[in-house]
Amino acid sequence: MTINTHTHQGFYGPISDDIWLRAQKIKLLICGVDGVFSDGRIYLNNSGEESKAFHTRDGYGVRSILTSGINVAVITGRKSKIVENRMTALGIKDIYQGIDDKFTPYEELIKKYNVTAEQVAYIGDDMVDLPVMKVVGLAVSVADGHPYVKQHCHMITTIKGGNGALRELTDLLLLSQNKFESAHGMSI
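In my numbering, the protein residues as written are 1 to 188.
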């Protein structure tokens, strides 16, 4: 058996042939929210109002892949107006909130976009993400994801959730599909 050790150079470090080839096929990116778009913390004030922090780089990455023909959806166990507002502002139309079983929306999404499991990337950080991660073409954990989850992923970002980890993945998708420069309005 020959092991291919060829790597591609990404912005965040070397990328194996396996991950590069998986990324080339992606047409749909599904994201968790808490721990991916945010650092997983929930901030409550004295009135019980919730707030979250989102990184602008992640938002820019999402907008870039949406304009490049890769669809983006979010599935989260919590329900929050903050999440709805942020995702809508980014142009994400498929927002599933208050979902305990993430596999059901996954099945709806692959039918809606007429894609195979191999054409789906999923980024998450915890146990609730595993059922979908185990079937998609590119399963990604953020750097500070749960250790058990990281054991079941194709890729682990170098950046923590809420700090640009999602941008690391969107950059990879664009690079592997030769869409990076056009997605960012750069002349080739």
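Be aware that one or more of the hints could be misleading.
[Unchecked claim] Pairs of lysine-lysine residues, derived as DSSO-like cross-links and limited to a Cα-Cα distance of at most 27 Å, are as follows: (1) K112 with K93; (2) K52 with K160; (3) K81 with K179; (4) K79 with K179; (5) K112 with K160; (6) K52 with K111; (7) K81 with K93; (8) K25 with K52; (9) K134 with K160; (10) K25 with K79; (11) K27 with K111; (12) K111 with K134; (13) K179 with K160.
[To be verified] Just the calculated beta-carbon pair ranges, DEER-fashion: (14) N85 with R41: 13 to 21 Å; (15) T7 with N85: 21 to 29 Å; (16) T67 with G13: 21 to 29 Å; (17) G185 with V135: 44 to 52 Å; (18) Q97 with Q9: 35 to 43 Å; (19) Q24 with Q97: 41 to 49 Å; (20) L21 with E181: 18 to 26 Å; (21) V135 with S47: 19 to 27 Å; (22) E118 with S51: 20 to 28 Å; (23) H8 with S51: 37 to 45 Å; (24) E107 with S47: 20 to 28 Å; (25) N178 with Y43: 38 to 46 Å; (26) T88 with E108: 43 to 51 Å.
No wet-lab data here; the hints were simulated from the structure.
Because the structure is a prediction, the values reported are computed rather than measured.
Built from N, CA and C at the ideal position, the CB exists for glycine as well.
Outcome of the hint check:
| no. | hint | verdict |
| --- | --- | --- |
| 1 | K112 with K93 | holds, 12 Å |
| 2 | K52 with K160 | holds, 15 Å |
| 3 | K81 with K179 | violated, 32 Å |
| 4 | K79 with K179 | violated, 33 Å |
| 5 | K112 with K160 | violated, 31 Å |
| 6 | K52 with K111 | violated, 31 Å |
| 7 | K81 with K93 | holds, 14 Å |
| 8 | K25 with K52 | violated, 32 Å |
| 9 | K134 with K160 | holds, 21 Å |
| 10 | K25 with K79 | violated, 31 Å |
| 11 | K27 with K111 | holds, 13 Å |
| 12 | K111 with K134 | holds, 18 Å |
| 13 | K179 with K160 | holds, 25 Å |
| 14 | N85 with R41: 13 to 21 Å | holds, 18 Å |
| 15 | T7 with N85: 21 to 29 Å | violated, 39 Å |
| 16 | T67 with G13: 21 to 29 Å | holds, 26 Å |
| 17 | G185 with V135: 44 to 52 Å | violated, 35 Å |
| 18 | Q97 with Q9: 35 to 43 Å | holds, 37 Å |
| 19 | Q24 with Q97: 41 to 49 Å | violated, 31 Å |
| 20 | L21 with E181: 18 to 26 Å | holds, 21 Å |
| 21 | V135 with S47: 19 to 27 Å | violated, 41 Å |
| 22 | E118 with S51: 20 to 28 Å | violated, 38 Å |
| 23 | H8 with S51: 37 to 45 Å | holds, 38 Å |
| 24 | E107 with S47: 20 to 28 Å | violated, 38 Å |
| 25 | N178 with Y43: 38 to 46 Å | holds, 40 Å |
| 26 | T88 with E108: 43 to 51 Å | violated, 19 Å |
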